[in-house]
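S.K.: The listed protein sequences correspond, in order, to chains A and B. 32 is the number of the first residue of the first sequence in this note's numbering; add one for each residue after it. 32 is the number of the first residue of the second sequence in this note's numbering; add one for each residue after it.
Chain copies aren't distinguished; within one or between two, either way the pair holds.
Calculated lysine to any residue pairs in the SDA-like style (CA-CA distance at most 20 Å, straight line): (1) LYS328 <-> THR53; (2) LYS307 <-> GLU317; (3) LYS289 <-> ARG350; (4) LYS338 <-> LEU258; (5) LYS256 <-> PRO315; (6) LYS256 <-> GLU312; (7) LYS338 <-> ASP320; (8) LYS110 <-> VAL135.
Just so you know, the hints here were simulated from the structure itself, not pulled from any lab data.
Residue-level listing of the chains:
Protein chains: 2
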Amino acid sequence: MFKTIEWKNNSIVMIDQRLLPTEEIYRTYTDFLDVAEAIREMVVRGAPAIGVAAAMGVALGALQINAKGRKEFLKKFEKICKVMAGTRPTAVNLFWAIERMKRVAKNNPKLPVEALQQRLVQEAKIIYTEDIKINKQMGKFGSKLIKNKATILTHCNAGALATAGYGTALGVIRAAVEDGKKIKVFADETRPFLQGSRLTAWELMKDGIDTTLITDNMAGYMMKKGLIDVVVVGADRIAANGDTANKIGTYSVAVLAKEHKIPFYIAAPISTIDLKIKNGEKIPIEERDIREVTHIKDTPIAPAGIKVRNPAFDVTPNRLVTAIITERGIAKKSYEKSLKRLVKEDNARG
Amino acid sequence: MFKTIEWKNNSIVMIDQRLLPTEEIYRTYTDFLDVAEAIREMVVRGAPAIGVAAAMGVALGALQINAKGRKEFLKKFEKICKVMAGTRPTAVNLFWAIERMKRVAKNNPKLPVEALQQRLVQEAKIIYTEDIKINKQMGKFGSKLIKNKATILTHCNAGALATAGYGTALGVIRAAVEDGKKIKVFADETRPFLQGSRLTAWELMKDGIDTTLITDNMAGYMMKKGLIDVVVVGADRIAANGDTANKIGTYSVAVLAKEHKIPFYIAAPISTIDLKIKNGEKIPIEERDIREVTHIKDTPIAPAGIKVRNPAFDVTPNRLVTAIITERGIAKKSYEKSLKRLVKEDNARG
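Chain A with its partners taken away, still in its complex shape:
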């Protein structure tokens, strides 16, 4: 089995997700600046995996710091956190993980520099381990929503590759399979970065889960033919009212699900919920390089000089979301109340 990301001998090892499924290449990072670049360039992607990578990146940066005392260390550490926070704007897990690392530094004022460095590395490892545990717990809750013999449509990759392991949306699918249910999956290819065809199809095939690949614009056709029972996707940021930012195209899938009266579920950890953001309109949406749209690797598929839009995410309004599956349980409408309750519970325990 593959590993999405791993802390190994004071370095970070990541599978290069830009090259899958044709090449399975692991890259080793020893400089936090390269980790930031890897996040930006989508060597690693998926909100929870970005969170883990950012935490490990910050820990790596902390190890790199040469400082005479705590004050100088913290000043340099702050800069590292800032670089890491500047990589991608939409997935809130990035900021959540960095804040958590900052809290460790703040909450251990007595630790000498070297011990603090080790404590930060430890925290990044904890975030990693927790993420897998969280996903398995989420899967247990989510599986209850999935009937035996269900065909599930998913968009983008919210799988093991988008997390430390197991996955969020694909975690729900894996849990349903582990519960003995016969499950079929339709995977949207998810243009432009093709996370569906390159990543979801790849990891579900490895698990022997019955998966059919379609282009994004076929989802409506499959729904109309009665071939889809339920939609499960991940999330990059969930506003306080349940409006959910996820990979571009998710909103269209949600509208189609509503049209066909198909349940539409979000699976995401508590760390994806951003109570500071009131509704989806306030979530920053990243626009990426137009080359993602105009080229496949080095092959041009559009005329040179054409105008292009490339928003990487869209927002699905809460009214289209049937339920939100988290590791603390399932949130239903009204999300203002249910999400707040779940987040507070988390903070009380954490």
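Fit chain B to the known structure of chain A by using the hints.
M.R.: The following block gives chain B in isolation, referenced to the frame of chain A:
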């Protein structure tokens, strides 16, 4: 300016649409079997262009026939028509054009073989010339539905490349521009064959029309942002009740248009209307080679061995269609009546 298809010195010249926009290659066909293969392989595509290519292919085949008399000629001619009809199943213009060629043979029982061959070539040329005239007329009607400063979303390519020239949906856009309106276009890239990015973006850029390319799954986002005023697409077959088969993904665009209260127009010639088919469920939907989904040219973008669906068309139910623009005028609900009226008028004149 380019020519999609042309009859030239007893051969057919076509621009190879598989290679656009990076290569502008014209291919010359002197054997009707190669024309059939070119239709199948989508060297030429788009319902009206397929009709013209089929007519010219049948004419070319007629020229190739060595026959002692009319009876033998007709027998061989019938076989050629059958080959041509077996190329693609969904676009009815193919069958319409072949039937029209057959009628010429039938309605000229006195013509000697050589004269009949010339008459068939003439008929194919008439179909070609008529098609351009029809599209311009359709554009005039369609332009009335387009407001000044409108932004139009289109899917696939219903342009000059999908017809003998000028286009159906893009003909409406061209006519609106010629009427002095400031028009902006969003073009869905239209996976898997990328007719939007490779063909629509290319031909609209050549015309200097303000065009923005998006992936199919961005259409909902753009609509939600209020950036789309109207949708205009072509059609491959329109059933008697107005249900419309068009390129895969059209149905999803229509559902999204309804959700955002955006008018959704079909532009198609009378020859696309198939009164023999009562509703959309009866329209045969072609499934094409899965390699169109799993590869871009020779680059694999999905894991080897993955299951794939590749329906080339979907059906948009009449309730989602605001109006159907034809060369005889604009059909509105109920389509059973309005389409029948327009088709009969056509037959009366034709």
